[in-house]
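So the sequence lines, in the order shown, correspond to chains C and V. If you count by the numbering used here, then the first sequence holds residues 78 to 196, one letter each, in order. If you count by the numbering used here, then the second sequence holds residues 19 to 132, one letter each, in order.
There could be a bad hint or two in this list.
Stated by the list, open to error - List time: in silico EDC-like cross-link candidates among lysine to aspartate or glutamate, alpha-carbon distance up to 20 Å:
| hint | chain 1 | residue 1 | chain 2 | residue 2 |
| --- | --- | --- | --- | --- |
| 1 | C | K143 | C | E99 |
| 2 | V | K56 | V | E28 |
| 3 | V | K88 | V | E74 |
| 4 | C | K118 | V | E74 |
| 5 | C | K118 | V | D104 |
| 6 | C | K143 | C | E164 |
| 7 | V | K56 | V | E35 |
| 8 | V | K56 | V | E33 |
| 9 | C | K118 | V | D124 |
| 10 | C | K97 | C | E164 |
| 11 | V | K88 | V | D47 |
| 12 | V | K119 | C | E164 |
| 13 | C | K91 | C | D142 |
| 14 | V | K131 | V | D47 |
| 15 | V | K21 | C | E129 |
| 16 | V | K119 | C | E140 |
| 17 | V | K88 | V | E44 |
| 18 | V | K119 | V | E62 |
| 19 | C | K118 | V | D40 |
| 20 | V | K56 | V | D104 |
| 21 | C | K118 | C | E184 |
| 22 | C | K97 | C | E129 |
| 23 | C | K143 | C | D165 |
| 24 | V | K119 | C | E184 |
| 25 | C | K118 | C | E164 |
| 26 | C | K132 | C | E99 |
| 27 | C | K118 | V | D47 |
| 28 | V | K56 | C | E184 |
| 29 | V | K131 | V | D104 |
| 30 | C | K141 | C | D165 |
| 31 | V | K119 | V | D104 |
| 32 | V | K21 | C | E184 |
| 33 | V | K119 | V | E33 |
| 34 | V | K119 | C | E129 |
What the hints assert, rightly or not - A few chain V residues facing chain C, derived, Cβ under 7 Å:
| hint | residue |
| --- | --- |
| 35 | G61 |
| 36 | E62 |
| 37 | I67 |
| 38 | R68 |
| 39 | R69 |
| 40 | F122 |
Honestly, the hints are just simulated from the structure, not real lab data. Predicted, not measured: the structure shown is a model, and the values here were computed from it. The beta-carbon is built from N, C-alpha and C at its ideal position, and this holds for glycine as well.
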Amino acid sequence: GAVVSQHPSWVICKSGTSVKIECRSLDFQATTMFWYRQFPKQSLMLMATSNEGSKATYEQGVEKDKFLINHASLTLSTLTVTSAHPEDSSFYICSATGTSGRLSYNEQFFGPGTRLTVL
Amino acid sequence: AQKVTQAQTEISVVEKEDVTLDCVYETRDTTYYLFWYKQPPSGELVFLIRRNSFDEQNEISGRYSWNFQKSTSSFNFTITASQVVDSAVYFCALSEFNAGKSTFGDGTTLTVKP
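Generate the whole structure from the sequences, applying the supplied hints.
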């Protein structure tokens, strides 16, 4: 099956610093990647959708300048939380869909998530 | 706009009991996918099932079964003979048919006591 990895799995940083989270599709070409945020005991909320080689489309209420998304290749998307603050502490999950050879996926495959703690 | 409602916030059962998790959805699309995911304390989403809107057949996989009723826009999930390892948060999700973005319900926290 299709596998998506995330790195790091957890990160602790100081307030004001920037943190980069990577999302990789390991065995397929991810033409579209999604970034979700999940606060404790809450549901997953979609932050943005990115297509390879294009600018990401952000959901309403998500700050584009704070959450920088880059999807420069078919196997890698990055989310950079700029000038992180304690309120950005959350569980960030990426998902991806795309193709593998002649197979075109109709579903998203989720990464294991990255837990960000901002002190 | 799409919406997924999981009315049960928390459910607690004793081991070996059967339990049903409800999911009701709203969409204007005629074609779509429905999913159930399990999220254990580790946080990683575990895929359980995908059902497309054309297929209303119910499905059984071991102790898990799903009842999809398009007429009532419901996609309920039943665990038979629950076990302690079933304790987790379960999410129902609705996705655009062309692998577009997914809308998640608020989740149901299931606790199975020994």
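Cross-check of the supplied hints:
no. : hint            : in the structure
1   : C:K143 x C:E99  : holds, 16 Å
2   : V:K56 x V:E28   : holds, 14 Å
3   : V:K88 x V:E74   : holds, 7 Å
4   : C:K118 x V:E74  : violated, 31 Å
5   : C:K118 x V:D104 : holds, 17 Å
6   : C:K143 x C:E164 : holds, 12 Å
7   : V:K56 x V:E35   : holds, 18 Å
8   : V:K56 x V:E33   : holds, 18 Å
9   : C:K118 x V:D124 : holds, 9 Å
10  : C:K97 x C:E164  : holds, 17 Å
11  : V:K88 x V:D47   : holds, 12 Å
12  : V:K119 x C:E164 : violated, 25 Å
13  : C:K91 x C:D142  : holds, 19 Å
14  : V:K131 x V:D47  : violated, 40 Å
15  : V:K21 x C:E129  : violated, 27 Å
16  : V:K119 x C:E140 : holds, 18 Å
17  : V:K88 x V:E44   : holds, 11 Å
18  : V:K119 x V:E62  : holds, 18 Å
19  : C:K118 x V:D40  : holds, 18 Å
20  : V:K56 x V:D104  : holds, 9 Å
21  : C:K118 x C:E184 : violated, 25 Å
22  : C:K97 x C:E129  : holds, 18 Å
23  : C:K143 x C:D165 : holds, 10 Å
24  : V:K119 x C:E184 : holds, 9 Å
25  : C:K118 x C:E164 : holds, 15 Å
26  : C:K132 x C:E99  : holds, 17 Å
27  : C:K118 x V:D47  : violated, 29 Å
28  : V:K56 x C:E184  : holds, 16 Å
29  : V:K131 x V:D104 : holds, 10 Å
30  : C:K141 x C:D165 : holds, 14 Å
31  : V:K119 x V:D104 : violated, 27 Å
32  : V:K21 x C:E184  : holds, 18 Å
33  : V:K119 x V:E33  : violated, 36 Å
34  : V:K119 x C:E129 : holds, 15 Å
35  : G61             : holds, 5 Å
36  : E62             : holds, 4 Å
37  : I67             : violated, 11 Å
38  : R68             : holds, 6 Å
39  : R69             : violated, 11 Å
40  : F122            : holds, 5 Å
The structure does not agree with the numbered hints 4, 12, 14, 15, 21, 27, 31, 33, 37 and 39 stated previously, though it agrees with the rest.
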